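Visitor: One line per chain: the protein sequences are V and H, in this order. Anchor point for the first sequence: position 420 equals 420 in the numbering used here, and the numbering is continuous, going up by one each time. Anchor point for the second sequence: position 124 equals 124 in the numbering used here, and the numbering is continuous, going up by one each time.
Quick caveat, the hints were computed from the structure, so don't treat them as lab data. Predicted, not measured: the structure shown is a model, and the values here were computed from it. It cannot be assumed that every hint is accurate.
[Said to hold, decoys possible] For the chain H half of the interface with chain V, some residues (derived, Cβ under 8 Å), not all of them:
no.	residue
1	55
2	56
3	58
4	59
5	60
6	100
7	103
8	106
9	110
10	149
11	150
12	151
13	197
Where a beta carbon is used, it is the ideal one built from N, C-alpha and C, also for glycine.
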Amino acid sequence: MTIVAATQKFTTLAIPNQDELLYGVCPHPLSCGLGITIGAGTVFPEVNFTLPPISISESTWSEVKAHYEEMAAQILRRAVALAVPGIVLEFELLPAMTERPEWGAEITSILKRHLVACHEKHGLPCALRVTPTDIRDQLKPPMLRTGEPWQRLFESLELCAQAGADILSIESVGGKEVHDPALMYGDFPGMVFALGVLAPRDTAWLWNKIVSICKANPGVVPGADSACGFANTAMQLAHQKMLPEVLAAVVRAMSAVRSLVAFEQGALGPSKDCAYEGPVIKAITGMPISMEGKSASCAHFSPLGNIAAAMCDLWSNESVQNVRLLSGNAPEVFTELLAYDCRLMNAAASRDGALDMRDWMTASDEWLSPQAAVLSPAATMRIAGAIVAEDTPYRQTIAAGRAAYDLLNEGVVAEKLHLSRKEQQWFGRIEAAFDELPPDEATLLDSMEEQYGGLYDKPSYGL
Amino acid sequence: MAQSKDLYDAILNGDAKKAHIATEAALAAGTDPMDLIQESMVPAMDEVGRLFECEEYFVPELLLAGRAMKGAMQLLKPLLSAAGQKMAVRVIIGTVKGDLHDIGKNIVASMLEGSGFEVIDLGADVSPASFVAAIEERKPHIVCMSALLTVTMPAMRQTIDAIKAAGLRTQVKILIGGAPVTMQYAKDIGADGYSENASAAVGLVKSLLASAA
Numbered sequence: 001m002t003i004v005a006a007t008q009k010f011t012t013l014a015i016p017n018q019d020e021l022l023y024g025v026c027p028h029p030l031s032c033g034l035g036i037t038i039g040a041g042t043v044f045p046e047v048n049f050t051l052p053p054i055s056i057s058e059s060t061w062s063e064v065k066a067h068y069e070e071m072a073a074q075i076l077r078r079a080v081a082l083a084v085p086g087i088v089l090e091f092e093l094l095p096a097m098t099e100r101p102e103w104g105a106e107i108t109s110i111l112k113r114h115l116v117a118c119h120e121k122h123g124l125p126c127a128l129r130v131t132p133t134d135i136r137d138q139l140k141p142p143m144l145r146t147g148e149p150w151q152r153l154f155e156s157l158e159l160c161a162q163a164g165a166d167i168l169s170i171e172s173v174g175g176k177e178v179h180d181p182a183l184m185y186g187d188f189p190g191m192v193f194a195l196g197v198l199a200p201r202d203t204a205w206l207w208n209k210i211v212s213i214c215k216a217n218p219g220v221v222p223g224a225d226s227a228c229g230f231a232n233t234a235m236q237l238a239h240q241k242m243l244p245e246v247l248a249a250v251v252r253a254m255s256a257v258r259s260l261v262a263f264e265q266g267a268l269g270p271s272k273d274c275a276y277e278g279p280v281i282k283a284i285t286g287m288p289i290s291m292e293g294k295s296a297s298c299a300h301f302s303p304l305g306n307i308a309a310a311m312c313d314l315w316s317n318e319s320v321q322n323v324r325l326l327s328g329n330a331p332e333v334f335t336e337l338l339a340y341d342c343r344l345m346n347a348a349a350s351r352d353g354a355l356d357m358r359d360w361m362t363a364s365d366e367w368l369s370p371q372a373a374v375l376s377p378a379a380t381m382r383i384a385g386a387i388v389a390e391d392t393p394y395r396q397t398i399a400a401g402r403a404a405y406d407l408l409n410e411g412v413v414a415e416k417l418h419l420s421r422k423e424q425q426w427f428g429r430i431e432a433a434f435d436e437l438p439p440d441e442a443t444l445l446d447s448m449e450e451q452y453g454g455l456y457d458k459p460s461y462g463l
Numbered sequence: 001m002a003q004s005k006d007l008y009d010a011i012l013n014g015d016a017k018k019a020h021i022a023t024e025a026a027l028a029a030g031t032d033p034m035d036l037i038q039e040s041m042v043p044a045m046d047e048v049g050r051l052f053e054c055e056e057y058f059v060p061e062l063l064l065a066g067r068a069m070k071g072a073m074q075l076l077k078p079l080l081s082a083a084g085q086k087m088a089v090r091v092i093i094g095t096v097k098g099d100l101h102d103i104g105k106n107i108v109a110s111m112l113e114g115s116g117f118e119v120i121d122l123g124a125d126v127s128p129a130s131f132v133a134a135i136e137e138r139k140p141h142i143v144c145m146s147a148l149l150t151v152t153m154p155a156m157r158q159t160i161d162a163i164k165a166a167g168l169r170t171q172v173k174i175l176i177g178g179a180p181v182t183m184q185y186a187k188d189i190g191a192d193g194y195s196e197n198a199s200a201a202v203g204l205v206k207s208l209l210a211s212a213a
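Pulled out of the complex, with its shape left as it was, chain H reads as follows (with noise of 0.2 Å):
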């Protein structure tokens, strides 16, 4: 148990090495990968969650937890797949065609990286195209899209467009953000969601899974 308390704290420290250490003397010491995961992962990362709600840690130290947890993750992941254990809920993040902003929607992937999900980004300047043959061939449960220009925000109803033309929407569930973009606009354009920032977003895509559960 001393090994699952180093790697909550390591967790908690947002220290890669120590976690990763931990990890490693607890597998050695017969400990379940799941029972990890349990009782220090997940609750390191919701400490971590709490004190960034409370303004006890700013983003470096939200990115260096979630960073920690990744590369003790990692560890875990082939014990789980021989186990057959579920993976984690899978998100495709990306910025809309035309736009190359990026550290919004990079903050949003690494927050919801570090509470457990699996994200893959597309980057910037994602055309609906691209997002239609990820959404194929990754399968996500969750997809997310940010805009910083007013000009690219229709991009984003081109994109949902796309999704619907393909046939896939009833597979995803939609998240917009971004500085210019509105709850309205979310609706408007037939999003199933809209963060006003990165925390929120976990939040957010938490309770969308919860409610489609």
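Looking at chain V on its own, in the form it has when it is part of the complex (with noise of 0.2 Å):
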């Protein structure tokens, strides 16, 4: 089996004290694009936007040009007239810009040209995050380090950094293809397997290219991986009642293990704004993370509105489209909701009230829901130090879940959480599915052949 090595291993945290966890600083500040440093205390907002009913194609790609201009336009505009401290673009590539390279690069171009111009006449620290699509998944099973998607991928990374890319980014898919059904079908084991065997290996051998294209492109930043792909599908399926809340919940914290090796490959972040493992991130690696909840809700439910914000350094919408509304178009119109977020957090800082608003913020969410309970900065903590105390991404993803697991059952014990009738059942599931798990990776591998053998290319993963 070969593994591609980690740079850098985490055996500590880089917050070790749960009251220096704090929203807007972090140990390792990042510098990037024109004049922004984030996570040194001050909390920027991460605007994130998208297209209309559009189809991509050469006919109409000068109208989805025009689409990336005037959207880039109206939130800085905005985001000048509120006086924004500093301020991130994202650009996350559809599907057919990342298999047209040349594509995703223009619009990274566009972008770019707006920020630069804003810098310049308005003074605003600014960078812009690019992050391409792991399109890798086209084929049955998906071929992750040959072929043509990964061709191509590869070759939008390095355009897009090219293009003035400041961040780049990505929402890796390695061990999906095994999730999605473990999940659908609730097989613990099968999920385990996905996130704590397969995809650890899929984003090791990712980062590392991705590290690489960096550092052929001086002032271009490895930025982050996100778990979206596995931890928010669950969490969607469990908003729409068809998996366990608690099951979310579990899946969430062991999620961070696969985004973790991201950086112990080399990213240095921000994290991505749909990453909600991003506070475990930051306790273990120290390193600035984006966050999203209550302004995010344009483009999905979550139980995490408030507390997803206890911790963040940049504050993200994840997505809107662009559609026109009373006061403006969608992403000049979160741009200013962001805006105020922002504000409140970072006056509350300016006035030492940081750890209060932090713990207000959590208070708020934190035992309405399983998937906010394990978002709370002692949860935070508690997986954190988890995960630190494993020396295998497959140890530590057990531990991960397990810590999440205790926590909830903490809360259940102590009448904070109460959970229904059937969601009582699935926490006893998966109790006794912890119990079972073997301790060794190599024996589940095993065990996982004859169900998911097939679903998954094994050289894919290096074994």
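Using the hints, put the two chains back together into the complex; each one sits in its own frame.
Guide: Quick look at the structure:
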């Protein structure tokens, strides 16, 4: 078996004191882009935006570009009007823009041009995060390390770096081909296998490549990965009452390990907004994170609206379409929402109130949902501590899940967390499933072969 | 009859192994395959559906029940074919061109299977031409399309247009779904129906078939 070696292992917490795990500050702030430093005391908005319903093709390309021109101009106009102290724009490529790498690069260039002009005219500190789509799962089973999709993704990352990206990120999909069916069928060992064995192997390999691209393009920061395709899928299915919330909460905790692997390979943050595992990453690495919550309700439901902000360094709206609202187009409207969210957090911090503010945001959500409970500063410290105490991604994944389970169980016992009868049944199942997991990765690998062996490509994971 | 009850319970509990054993035992005891379907499998899946609707079951319980039923059905299929029994209603499903999101589509597919439909899953990123080819080859009653991205919604219209151009539109009912999709959009592009979620999709398929009968 070949595994891409980590360039650094995190064996202790960069933030060992819970009261120092605050929004806006971290031990390793990141300076990037056009004069912005993230995690040095100020929370900045990170605005994400997308197209309204429109086909992306040669014939519509000029219209597509016009949308991005309009969105960038309007977002920055509103940001300047509200005197934001800094801003990050995130451009998440759509699949067609990754498949045609020059398209993604062209939009990157457009957005960067707007940021440069705004910085020069208004002195606004800013940066552009670019996130190509991980299109490697086009084939069944996905070929992660070879083939056309990987080549196009690699080229997209390279071209976007050259076209003006300040931060490169991705929501990688390695292991998702197993995690999806495991999640749908409630197969807990399958989820652990996907999150603790397959995904870390792919994340390590992929981030080794992304870090290399950034090194070849000075000024471009290797940002971070996100377990969006894993834990946010679980969150959305739980929201629709299709999966238990307790399961989604445990999956969330376990997913932090595969996202941490990117940092072991040299990612510097800020972590992705949709990576709700961010606080755990921040506690372990000391690097800045982006989060999304109440002001991302334009994109999706979450039971974590306030608590998600408790430890953030960037505050995001996740994604919003360029459609007209009364006060302007939606991306600039959500820029305003984020700007006010950040103002309040920063004003509290400037009056030594960050700890209180953090704890109010935490208390308002914490025990109303298992998924919120595992995002509290206390939960973050426990999950992060459990991860660094173990030495392999497999053991770390189990440790993270167990820490989340224990924390939820304590909440139930203390009658802070109230679970429905069927949630309680699943809670019992999860506990039993943890007890039945083999102690070593090799045994689990063997036991997964019959059920999942046909779903994933072994060489894609160095197997 | 004990085997029929065993089969009912096995499906309700999502136990594929027990469902297989109970089916074999029932057949060995001379139970008519159609009786097994009508008296055990359909009532069990109806109960599973009811438990899901009233939020007693999550999707895993639903899918495991469907898997158990499907396994049992594999034993019955050759016997039904030999007896000239008509097979289930056929559904083709896929995520449209340009869109790689498939978990919602997979859930709909599994729930349809669990409800006794024959489902042909074309996967994700399915071109209009592939939908047309599948309709020509597999002769489905229903076509389901999914999209999660606003920018792939137009591919639904393109697919329907391609089905029309191939002269196949009257042969199939077309349903669409996905986060950005709306009932109005379904009407605009000429689909027969829209579903907000997976369980409603199953009900919609049934109601469309009933109205077409």
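Visitor: Are the hints correct? Go through all of them and say.
Guide: Hint by hint, here is what the structure shows:
1. Contact between residue 55 (chain H) and chain V, as hinted, is supported at the beta carbon level, the nearest pair being about 5 Å apart and thus within 8 Å.
2. Among the interface hints, the one on residue 56 (chain H) holds; its C-beta lies about 6 Å from the nearest C-beta in chain V, closer than the 8 Å criterion.
3. Look at residue 58 (chain H): its Cβ gets to within about 6 Å of chain V, closer than 8 Å, so that hint holds up.
4. The interface hint given for residue 59 (chain H) holds, since its Cβ lies 4 Å from the closest Cβ of chain V, which is under the 8 Å cut-off.
5. For residue 60 (chain H), the suggested interface contact is upheld, since its CB lies about 3 Å from the closest CB of chain V, less than 8 Å.
6. Interface restraint check for residue 100 (chain H): the shortest CB-CB distance to chain V comes to about 6 Å, inside 8 Å, so the restraint holds.
7. A hinted interface residue such as residue 103 (chain H) counts as satisfied when its beta carbon comes closer than 8 Å to some beta carbon of chain V; here the least separation is about 5 Å, so the hint holds.
8. For residue 106 (chain H), the interface hint holds, since its Cβ comes within 8 Å of a Cβ in chain V; the closest pair sits about 7 Å apart.
9. Because the smallest distance between the Cβ of residue 110 (chain H) and any Cβ of chain V comes to about 7 Å, under 8 Å, the interface hint for this residue holds.
10. For residue 149 (chain H), the interface hint holds, the least distance from its beta-carbon to any beta-carbon of chain V being 7 Å, beneath 8 Å.
11. Interface hint at residue 150 (chain H): satisfied, since its Cβ lies 5 Å from the closest Cβ of chain V, which is below the 8 Å cut-off.
12. The interface hint given for residue 151 (chain H) holds, since its Cβ lies 5 Å from the closest Cβ of chain V, which is under the 8 Å cut-off.
13. Satisfaction of the interface hint for residue 197 (chain H) is found here, the shortest Cβ-Cβ separation to chain V being roughly 6 Å, below the 8 Å cut-off.
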